[in-house]
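Participant: So the protein sequences, as listed, match chains A and B.
Using this note's numbering, the letters of the first sequence map in sequence onto residues 1 to 113.
Using this note's numbering, the letters of the second sequence map in sequence onto residues 1 to 113.
These are computed hints drawn from the structure, not numbers from a lab.
Wrong hints could be hidden among the right ones.
[What the hints assert, rightly or not] Counterexamples of contact, computed for chain B against chain A with all Cβ distances above 10 Å:
{"id": "1", "residue": "I20"}
{"id": "2", "residue": "S27"}
{"id": "3", "residue": "D62"}
{"id": "4", "residue": "D63"}
{"id": "5", "residue": "S73"}
{"id": "6", "residue": "K83"}
[Said to hold, decoys possible] Straight-line alpha carbon distances no greater than 27 Å define the calculated BS3-like cross-link-like pairs of lysine-lysine that follow:
{"id": "7", "chain 1": "B", "residue 1": "K57", "chain 2": "A", "residue 2": "K70"}
{"id": "8", "chain 1": "B", "residue 1": "K42", "chain 2": "A", "residue 2": "K67"}
{"id": "9", "chain 1": "B", "residue 1": "K42", "chain 2": "A", "residue 2": "K70"}
{"id": "10", "chain 1": "A", "residue 1": "K68", "chain 2": "A", "residue 2": "K56"}
{"id": "11", "chain 1": "B", "residue 1": "K42", "chain 2": "A", "residue 2": "K56"}
Even glycine gets a Cβ: it sits at the ideal position worked out from N, Cα and C.
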Amino acid sequence: GEDVEQSLFLSVREGDSSVINCTYTDSSSTYLYWYKQEPGAGLQLLTYIFSNMDMKQDQRLTVLLNKKDKHLSLRIADTQTGDSAIYFCAETSIYNQGGKLIFGQGTELSVKP
Amino acid sequence: EPEVTQTPSHQVTQMGQEVILRCVPISNHLYFYWYRQILGQKVEFLVSFYNNEISEKSEIFDDQFSVERPDGSNFTLKIRSTKLEDSAMYFCASSAGHSSEQYFGPGTRLTVT
Numbered sequence: 001g002e003d004v005e006q007s008l009f010l011s012v013r014e015g016d017s018s019v020i021n022c023t024y025t026d027s028s029s030t031y032l033y034w035y036k037q038e039p040g041a042g043l044q045l046l047t048y049i050f051s052n053m054d055m056k057q058d059q060r061l062t063v064l065l066n067k068k069d070k071h072l073s074l075r076i077a078d079t080q081t082g083d084s085a086i087y088f089c090a091e092t093s094i095y096n097q098g099g100k101l102i103f104g105q106g107t108e109l110s111v112k113p
Numbered sequence: 001e002p003e004v005t006q007t008p009s010h011q012v013t014q015m016g017q018e019v020i021l022r023c024v025p026i027s028n029h030l031y032f033y034w035y036r037q038i039l040g041q042k043v044e045f046l047v048s049f050y051n052n053e054i055s056e057k058s059e060i061f062d063d064q065f066s067v068e069r070p071d072g073s074n075f076t077l078k079i080r081s082t083k084l085e086d087s088a089m090y091f092c093a094s095s096a097g098h099s100s101e102q103y104f105g106p107g108t109r110l111t112v113t
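Next up, chain A with everything else stripped away, as it sits in the complex (with noise of 0.2 Å):
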């Protein structure tokens, strides 16, 4: 079945650049996802890249997607301390009937002062 994997902890300095990967399986992937979560709190859509894209830039964050090795990363520039939460990569296919999403185990950012 599909699946994503992500690494589960980063640790960066504030001020300094954060890149969190992510991998699927799924071929069909057509969108991918970021999703954070902070402590107590639901998901908060960051950002989404379709699957015909290889980056997307969104002030502070770009995305970028390598569909030969089906490799998703974030880079958060200038990381903040408010941006210490748990990052979570996410992808779906138009070939999934019910639109399901299929997450990643989350990445914790933890940025030090």
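Using the hints provided, position chain B relative to the given structure of chain A.
Facilitator: Relative to chain A, chain B alone:
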């Protein structure tokens, strides 16, 4: 900005009892979802709902689970006879289209004792 809301934020129930988790999706959205996250595990898809019927369900979504859109605004998840292993955070989500971005509510933490 429109958002998905969920009630209650925390529900404690005894094993064998029925619970109903409630969600109000974003008003012009047509697709509705339930996911759950057991503590320390991945966010898992439960069910998707469109046009007053289930579009897709996972193997987790057995006969103990049901969903309903009782009126034009609410979307509910019922668990008929709760088990200890149903303890999790339950997230509702909605989207405008089949493969459109899914917006998540803050979640209901269900604790079964």
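Participant: Against each hint, give a clear statement of whether it holds in the structure.
Facilitator: Evaluation of the provided hints:
no.	hint	verdict
1	I20	holds, 19 Å
2	S27	holds, 17 Å
3	D62	holds, 16 Å
4	D63	holds, 18 Å
5	S73	holds, 19 Å
6	K83	holds, 23 Å
7	K57(B) / K70(A)	holds, 25 Å
8	K42(B) / K67(A)	holds, 23 Å
9	K42(B) / K70(A)	holds, 19 Å
10	K68(A) / K56(A)	holds, 17 Å
11	K42(B) / K56(A)	holds, 25 Å
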